[in-house]
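Start from the sequences and build out the full structure, keeping to the hints where you can.
Residue numbers (the working numbering), protein chains in the order written: chain E, 335 to 537; chain W, 4 to 225; chain D, 2 to 235.
Hints in this document: simulated from the structure, not taken from any laboratory.
Take the hints with a grain of salt, since some may be wrong.
[What the hints assert, rightly or not] Only part of the chain E face toward chain D is listed, based on derived beta-carbon distances under 10 Å:
no., residue
1, Gly346
2, Gly371
3, Pro386
Source: prediction; values computed, not measured.
Ideal Cβ placement from N, Cα and C applies to all residues, glycine included.
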Amino acid sequence: MLEARNLECERGGRRLFSAVSFSLGPGEALRIAGANGSGKTSLLRILCGLLPPSGGEVRWQASPINALQEDYARQLVYLGHAAALKDELSAAENLRIACRIAGAAAPEASVRQALARFGLDGGQAAVKRLSQGQRRRAALARLALSQAVPLWLLDEPLSALDPQGVELLKAMLLEHLERGGVLAYATHQDAGIPAARVVELHA
Amino acid sequence: MLDAALCIVYRDLLLALRRRGDVATALLFFVIVASLFPLGIGAEPNLLRAIAPGVIWVAALLSTLLSLGRLFAADHADGTLEQMLLGAAPLGVVAAAKGLAHWLVSGLPLVVIAPVLAVQYDLPESLYGVLALSLLLGTPVLSMIGAIGAALTLGIRGGGVLLSLLVLPLFVPVLIMGAGSVEMAAAGLEPDAQLLILGALAVFSAAFAPWAIAAALRISLE
Amino acid sequence: MTTAVRWFWFASPHTFFPLAGRIARWCAAGAALLALAGLYVGFGVAPTDAQQGEVYRIIFIHVPAAWMSMFLYLVMAFWAALGLAFNTRLSGMMAQALAPTGALFTFIALWTGALWGKPTWGTYWVWDARLTSELILLFLYFGFMALHASIDDPRRADRAAAVLALVGAVNVPIIYYSVQWWNTLHQGASVSFTKAPSMAAAMFAGMMLMAAAFWLYSIAVAMVRVRCMILERQ
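So this is what it looks like as structure tokens:
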């Protein structure tokens, strides 16, 4: 479903990686590994379509993502390094708005359920009052509302999570794979998620 | 798509409400700048009446510039801008929504405050209508053109000052037509032509600026 | 189809480098010759003006410089548009190479305008419509160069500056006409350079020669700059 052919990335005059190719079918996960600065985030952003590669192409369902544009964006959810949360809004407000901007319905009950699944009470506290770990959970709660979205792209999803949070996330990811979804995640720690492919980036 | 765009406007208004201080600061700046001129030039009533339209318009320009710096910066820093790029609405529509929200928060209040400043300059009451109307038509253009500059200078160190350099020359036509319309009315002539031109600029910028803003955002987010 | 392929062959900085050198040499020579001819016609051949005496001769530099400043901005915007559409690095470099020259001509137009103003109208600066438009054009050039200089990544810098150049190009006519109108509103005692002395044939020839000379000069300088950029980005 997701195919990368000969991807090459150049940033700030430096070539980060080249000749990266892989293919993912339904229910398969890709782990992007590598040291800091090796280009894991850049590779994920290329897969999202946010960053054009300096060589090669990405294909979704055999069509190049350049041609698909919004149709492709609608079929993926991307959780980047930054939590994509507004500090002044509560976790529930953030989640509801994030879903609406992505074009998905977000009824009140589902939002509360999603937050509860990640151990957040959906209270009115502004996100800036939450700890780092709670923020990461609030950001990840989006995944609970993205069950219909086939492609999940996650950048360092485990950072700032305590062991309980890691287990919650793993369960969520395994469910996604069982539903036939595709997952690509970047991490420099081993998450224990069965990855059909591993791409190792060298600086 | 429309729902996503309206959600962005709603979100920005909500954030402005929760961060009232920032918004109020830019509006206070508007008042302070306009109050500085008599202190620098002298309070001779005829002189003040003559320079009032120009001064109020320049103050509006500068106040808009101040608030433009915040337009995309916060969203860029916390990652929400990327999510908007990947969202259901095309980036041009997102840009238009952000511009609209910016105008509602930073431009529309200027229209309301301007007559108060006009009192300071002893501008005849008959001119308040033209002044407010010229600002009502002109401030959306400022928001749209300014948003292009804000998108281009996203994440650049020293971006605020650079934004001013980029955007002020492009503001000149709006300034000329806006202040000019009030001056025409002050001279007893019909300001219709200038107001129509401002209206045309508003429509033109609302139609075309979002695409330039979207192109600039894509370039800045690479 | 083959012409398209040949154009894109030259779009590679590597193949463009020697071509740019040849163009630069020929244009520099041409510019020098035309400038000599133009200055001879302007200062030697053209008759003395009835109203303004010898001072008016500065228009042989002022007017062609003003033409070039506007023309170069459009050319710059053209290269910017090409760069955005086809994603070729060379287009971005061409736009960057033209900007300083365009700014230079704008500055020359302003400066010669001031020099003309002092003996003729008594002040160095009058808020004449054309001079004011030139001043705003100078700010647009500076903005373009400043934006490019502030961005570290050369590709992003080229593309961001290209968007700015295009937005500026669309605005230039709007700015020009609004400044024209503003000038008529505040006319009062101010005078206008747009009322140029009625053209004798020799005067017109002189201005055309200088304009051509400036044009070839711009091409030569732009080529040299592009060669430097190609070497730098190697």
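Exercise for review: Report the numbers of all earlier hints that the structure fails to satisfy, in ascending order.
Suggested key: 2
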